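A.B. asks: Chain residues, written in single-letter form:
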Amino acid sequence: MKPFAPMPLSIKLPLLAAAMMILVGAVASHQVLRSLARVQDARIQELAQMHVEGLSVALGPLVLRHDVWEVYDTLDRAAQGGEGRRMILTAVADDRGRVLAATDPRRVPMDSDIAELAGDAVALENLSVDGSRPVLSLLAPLIYQGRMVGQIATELDVSDLLTERRRAVLILIFGNAVAIGLLSLAGFVAMRTMLRPVTTLARQMTETQGEPHQIPIAEIPRGDGELARLAHTYNSMVDAVAAKAEAERRLAERERFVALGRLSSSLAHEINNPLGGLLNATDTIRAFADRPDVVRRSADLVERGLRHLRDVTRVTLDQNRIDTTDRDLGPDDFEDLKLLIQPEVSRHGLDLEWSVDLTGGAECKMPAGPVRQIVLNLLLNACAASGQSGRVGLRARSGVEQLTLQVTNTGPDMPQSALDRLLDDGPLLPGGGVGLRLVRELVKGLGGWIAHAHENGVTRITVGLPIVREAANAQE
Amino acid sequence: MEHLIKRRTLVQAGIAALVMGQARAQPVFRLGLTPVFLDNDAVVIDGLRRVLSRGMGREIELVQRRTYQEITGLLLERGVDAAWLCGYPFLQHADLLDLVAVPVWRGGPRYQSYLIVAAEDPAAGLADLRGGTHAFSDPDSNSGYLVTATDLRRMGERAETFFSRSIFTFGHRNVVRAVADGLVRSGSVDGYVWEALAEIEPDLTARTQVIARSEWLGFPPVCARRDSVGAEPVQGLQRALMGLEATEEGRRALASLQLDGFQRATPDLFDGIADRMRDLEE
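Going line by line, the protein sequences match chains A and B. Using my numbering, you'd call the opening residue of the first sequence number 1138 and step up by one each time. Using my numbering, you'd call the opening residue of the second sequence number 2 and step up by one each time.
Pulled out of the complex, with its shape left as it was, chain B reads as follows (with noise of 0.2 angstroms):
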């Protein structure tokens, strides 16, 4: 994860593979991504479809959309086979999605939510940040909203009231980015993309600081529809995912997300976030 490449690169990298992919006997397996999640490094996610290309020996056309919502559609209406969601929006569809996979970061399958804010803000927790600006990054992304907005509704508050103006970024990066440019006072983050970031861009993590995390919860998985997960194409890409561990490449590509691997998981991983999702809904 050396660049930080524009998106429009990454969208002719996709033409480039959805061209390759045409020129290949096997159809194109349509792979979704959203800039929520690891934002738009062209690079990382390149060398990732290229290691899943070959374990799964066809051609990857990667689908990237703004919004959880835009690929979680997407995958509804079988515009992409499978897609790398949010826990969140898994479970909004758990009856139509199953999960192929789950990326394994520092030992587990889990992460959590921070809230940040400016490091020289004095806040220490949510309850400070009343009448503030907050950042979310997507309104499906369960650390990026469906934690702070529990956190919020088990205090009795809603966070079109609490905060003065809450705006989403729809990537968690941009959250960052809005909280240490002082767009806004706090944002809710990715606990992982955060601590990615603090390894490749300390500069920007050090004008943040997290002052609450959440309890550790399902990482966002890679699902298909529920009537597609048991056909070959997502079988191939479960297995290659599974794979990665075993090739020098796949540990590379694996190293540059900053992920230990991928292993099969159950729907109950994501009870954490069940939870708050009832909170929410209450």
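Looking at chain A on its own, in the form it has when it is part of the complex (with noise of 0.2 angstroms):
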């Protein structure tokens, strides 16, 4: 069946009930015909039975005294009565096989031998219109008075039969061509309307672009058939879909704010900090207003502070605006993620390793956002799986075909459970987080690679991203 899995149902169904059609209709004739040639058999058998045994009653006295004349005329005679046309020749023959006379003298002449005219000649029983001879041969004994006496030859032309036979072979095939190409047809049509919701239902699940759409009403079949709840079922499930990608949508936009959340506390002290220093420069300014030279240090000190101030909120706006921008990627969003994980990287007294390379060729076509989001959430990860005093680092390198990111902790593996979320598609359990998930499924969208690796008390998460040249940029 494989040349026709390929074929739609709506054609394949059809095509199969056509199929019994002609299975069944090749049955049929087959029997017709069988009981054709059994009627034919019979009638010819009985009609050659009745040949046999009346020229045996004419003729029995005649061939005892063989009476060559009196055996000829009476041979004669019978041809020219209606069995004569289909007896098309008939010699009879003496005990000893000589023939005596026949109703085609010049073929059989007298005295013959009967074996001559016989040699494919079968016994009355054994006679068949066997389909391809037009002449049957019959050799049949003589039976006179309880003894055989002769022996008697007889040629039958069944050529009406088997014409008959080949006109009921065509009346067949004739009409169960038409039977079955109009029973197809009408298989056809009724299978395409059958299967019209089908149709519809696949046609709605493989040629949608995008995210599948539901059946619209008007074409789901009224009732409560099969088809009808297939689509009441489709429809649900678009729906489901539907609502699990707008959770998810939901899910990943407040995966943004937690990371920013998470990040809140840092960056309060981080805002908090410098506004001490900068508090005490502003009473130094005041206590000392006269010291031109001390005010400049202190305008100087609040500079300072104003700056990281205002680097630590662009930075936070960023990070929340992330999803609007198109921008690409380049060495100052790295920037921005050092500043943004430096306040959580100092919270937990840990050591920040960063190395960050570009110059392969990654000041590229990609886009900041989704990177930024990756980077700072396995950073965000990493940096709470390693504890107090652990070790965090960075590793970005650009090469010409893609671009490599390399977060390492000096914590504890990850559990498995934030490895499934990280590295597989399963559905995700209650009770863990989504940053994970949302790396994979930023990865994912970038046609990028996710791998993990533990050694040495070190945990590795690896991300590979393909760099979209300009070349081919510019194609598309």
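Some hints here could point you the wrong way.
Computed far set for chain A versus chain B, every beta-carbon distance over 10 angstroms [stated by the list, open to error]:
1) Arg1222
2) Ala1327
3) Ala1355
4) Arg1423
5) Thr1496
6) Ala1522
7) Gly1582
Computed, partial: chain B to chain A, Cβ under 7 angstroms [as the list claims (entries may be wrong)]:
8) Thr134
9) Ile168
10) Thr170
11) Gly183
No wet-lab data here; the hints were simulated from the structure. Quantities reported herein were computed from a predicted structural model and do not represent experimental measurements. Backbone N, C-alpha and C fix where the C-beta goes; we use that ideal spot for every residue, glycine too.
Grab the two chains, each in its own frame, and use the hints to assemble them into the complex.
C.D. replies: This is how it looks when you write it as structure tokens:
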């Protein structure tokens, strides 16, 4: 059935129905032809038997007397009758097989051996219109008064029966062809109509771009049939899929704020720390207003503090806005990330190993937002995993083909549930965060890959993101 | 002679005649015929019967047998009052039989025996037929047996050995059929019958050809027992036969038989046949 596999169901089923009808038609035709053959055989056997019996009665005494003329005259008169048209030749021989007379004496001369005529002749009970031969040969004993006094060889013209059989075959073939054609067409239309909902369902499932769409109510079959239930179930599934996608989108959105939330205390601290210095500086300015050098130093101090505050605020705002920017990734983004993660690093008393080298061509067409989210989430996770006084690292390298990001920490290895969220597409178990799953989704969206390793007490998450070249981009 | 009718019809006609005859005051006159001569045409035979019956003033029963031997036997044992025989059986029993009348055909009371073969047969005479199959009409027929048998005897041959096989068909028309259909290669047939068939069944005779004709021999006569030939019934028959030409009905009957009439005859008419009989007996 493999060649039929790509064929749509609405073609396959009518074809199957037509094939079954052909099979049924062939079997029925075979039965009809067999019956016809049996009837014809019975007819020809009955006719031949009557012929032989009639001749036996008429010719018995003549054959006994070897009365050639009377045998011939009887055969000749019999041949003039209706039977004669079927019996194209009849020869009668004596008990030694010598021909006494035949209806065609020139073909079967007197005193010739009847075996020469009856070479392929069969006995009465084996007489059969077997298809190809228009003339059948029969050899029967001539029984008179209970004993065999001679033999009768007869050739029967069965061409009309063969013609009848051929006509029956033609009628059957033509009739079956017309019937099967009409029924197949009707079957095709009926099947197509019945299967339209399935076709619609298949189209909705396979041909929709982006997300699946519901089957319009007008196209759902009426009633409570299987197909109607199937369509309703499909629509419910589409709803569920859309709801799930929306939930995931909202979750991802929330995750961004979660990440910022997780940063907020650190960031507050980051803002709060300079504030004490700044207030001290303003007090100093106020107290030593007459001392320009002190005022200048204090103003410098205030300016540095305010610039730091401005940077922190900008980075925070940028991080919050990343989904709306279509800016390409650049070294500044990593600087922003370093600034964002620094307070968390400081809070945990961690060592930060920072190594970013994008000179290999990564100033490339790669959206900044998703990459920043990926790195931030991984770094936050690393910070949390490292515990106190650990080591967290980021290594970013741009190659010809891809940008490689490697986030390390010296904490314990990731639990299996976290790995599942990062490396697998399985359903999210309740209770876990969505940050790692968001990383996975973003990496997938960028066509990249994620690897995990834990060696020598260092957990290493490596992300590879393919770089879209300018030329390729231009072609698109 | 428009229809060739089966023998059964003839028998029925005979039975009908018998019944009618019994109803009359006069005893029925029984006339013997053989299918050897002018085979079984009931219309012709019945026409002849009616005109003779009228001429004789009594009913005639036609008694038909298969062979000359049977009819001759009937005549000799008085099973029939008279019979239309052949010259050969008449001569065989010349001591007991006498002539009543002889048909006149083509101006005379004589006919010939024909030796026939199929139309496409290259044989030109009896000598060319050696080893072939042959059809005689009746062992007691002059034209249908005696002529060919004596011709062979004169050639120093015998029919039993000259031909690979010979059959008797007991009818001159049957001889023509046997040759025409190819059942046998050659046949001995009454020339009068062959010529009559050439008129009424030309398709049949066209499939044969005459390769030899005998000398003119005495036509098959109507005979009666010598002891009854002078009696009234036979005399009545003789008068009726002689008088056929006189009536319209009689002429029609003669025309259908393709005969000119009947005449008296003496045994010397059959001298030719007697010669052949002697040749055969030697």
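A.B. asks: So, for every hint listed, does it hold in this structure?
C.D. replies: Evaluated hints:
no., hint, in the structure
1, Arg1222, "18 angstroms, holds"
2, Ala1327, "69 angstroms, holds"
3, Ala1355, "88 angstroms, holds"
4, Arg1423, "159 angstroms, holds"
5, Thr1496, "120 angstroms, holds"
6, Ala1522, "122 angstroms, holds"
7, Gly1582, "105 angstroms, holds"
8, Thr134, "6 angstroms, holds"
9, Ile168, "4 angstroms, holds"
10, Thr170, "4 angstroms, holds"
11, Gly183, "4 angstroms, holds"
Of the numbered hints given earlier, the model fails none.
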